[in-house]
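> Take a look at the letters that make up each chain.
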Amino acid sequence: MKTVSKTLKIETKKKIELIDITNEVENFVRESNIKNGFCLIFAPHATAAIIANENEKGLINDIIRKIKEEFPQEYNWEHDRIDDNAYAHIASSFIGASKVFPIIDGRLIRGTWQNIFLVELDGPRFIRNVILQIIGE
Amino acid sequence: MKTVSKTLKIETKKKIELIDITNEVENFVRESNIKNGFCLIFAPHATAAIIANENEKGLINDIIRKIKEEFPQEYNWEHDRIDDNAYAHIASSFIGASKVFPIIDGRLIRGTWQNIFLVELDGPRFIRNVILQIIGE
Amino acid sequence: MKTVSKTLKIETKKKIELIDITNEVENFVRESNIKNGFCLIFAPHATAAIIANENEKGLINDIIRKIKEEFPQEYNWEHDRIDDNAYAHIASSFIGASKVFPIIDGRLIRGTWQNIFLVELDGPRFIRNVILQIIGE
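Chains as they are written, first to last, in my numbering: chain U, 1 to 137; chain D, 138 to 274; chain R, 275 to 411.
These aren't lab readings, by the way, just hints derived from the structure by calculation. Please read all numbers here as calculations on a predicted model, not as lab measurements. Among these hints, one or two may not hold up.
[What the hints assert, rightly or not] In silico DSS-like links for lysine-lysine, alpha-carbon gap of 27 Å or less:
id : chain 1 : residue 1 : chain 2 : residue 2
1  : R       : 342       : D       : 194
2  : U       : 2         : R       : 288
3  : U       : 2         : D       : 139
4  : U       : 2         : R       : 309
5  : U       : 14        : R       : 340
6  : U       : 68        : R       : 331
7  : D       : 143       : U       : 2
8  : U       : 6         : R       : 276
9  : U       : 68        : D       : 172
10 : R       : 331       : D       : 139
11 : D       : 203       : R       : 309
12 : U       : 66        : D       : 146
13 : R       : 342       : U       : 68
14 : U       : 68        : R       : 283
15 : D       : 203       : R       : 283
16 : R       : 309       : D       : 172
17 : D       : 172       : U       : 2
18 : D       : 139       : U       : 35
19 : R       : 280       : R       : 309
20 : R       : 276       : U       : 15
21 : U       : 2         : R       : 342
22 : D       : 205       : R       : 331
23 : R       : 280       : D       : 139
24 : D       : 203       : R       : 276
25 : D       : 172       : R       : 342
26 : U       : 35        : D       : 205
27 : U       : 35        : D       : 146
28 : D       : 205       : R       : 309
29 : U       : 68        : D       : 205
30 : D       : 205       : U       : 57
31 : U       : 57        : D       : 194
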């Protein structure tokens, strides 16, 4: 049993954006040589999130639309008195900034349509970190 | 320290439905003989979710009502141009398709009113998988 | 590789309230002497949640406002026929009652603005438990 970790450095280009990191996660699982365990995907940011779903252009637009409608930027949020990104903090709180996936027989287990995305909620940012950590054997 | 995993195969019967899998999870924890560790409950599906809450008929109806109001099926979602289940993908993205529970002294730790449910968001489906994986000692 | 756990006992004072438990979590990580692993923060309650975000007074008010608007107390919920806290159960189901953080080089990894909160959704309560559990080496 061992633990390994890696930090992805990701540049984001839009205010709200989904960035597919599935390949990076799967490569790290392979490199780790861990056959069975948990893979944690964690964004150490209060204005980002991690979700898993299908990488289809229309659906990605739908998710961004839902985020904008659910967490409106103009809403007299109190936090906007000291910053202008309350909606992004609230969205990150509700959606969540991490996910755990199983690793079985050396493979990251996920559904066919379950890609892994960093959700930028207050971009663009020169660097967003995503920490990958695996525990297993 | 070891890891064990098991896949539950579940038939769903309705469009949106909560299926209580608490007994299956607790049985697996017992069979694993792991005394202390983490139990991951993971649905490898982009149109399902995992939640923990009370198994009370009224509350289950309330949760289904909330899902329907929060993620309406008819809403000009872009993903519906190629499929008809955008709402289910979006709900799965926001609610999340996994949960982690502690195992302490051989027992799955959960609140009295915290049962574990697979949430079918786009059923009925002949087989939905729920992967249970435990790491511990 | 080992597992350690601890239960925080927290008194809540309001109906809906965020209680910052970051110090307690970080102290436990230090005491555990585990250098690399996962830290699970788990509320064994169906009317509480765990979130990670900034401890800024305005933002905390915004999050409470969002909870109240998103999960209204008066909404003809069916569960209210047998209890009066359906909104709190539904909020807990959607927000989620646990989070997993990485531990790397003996330190809990989190963003600068990512404090850890117990979210009381149906207080006040004399005791709310938060279970901390670490697996690592």
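> Run through the hints listed earlier and report the numbers of any the structure violates, in increasing order.
Checked against the structure, the hints that fail are numbers 2, 9, 10, 11, 12, 14, 15, 20, 21, 22, 24, 25, 26, 28, 31, while the rest are satisfied.
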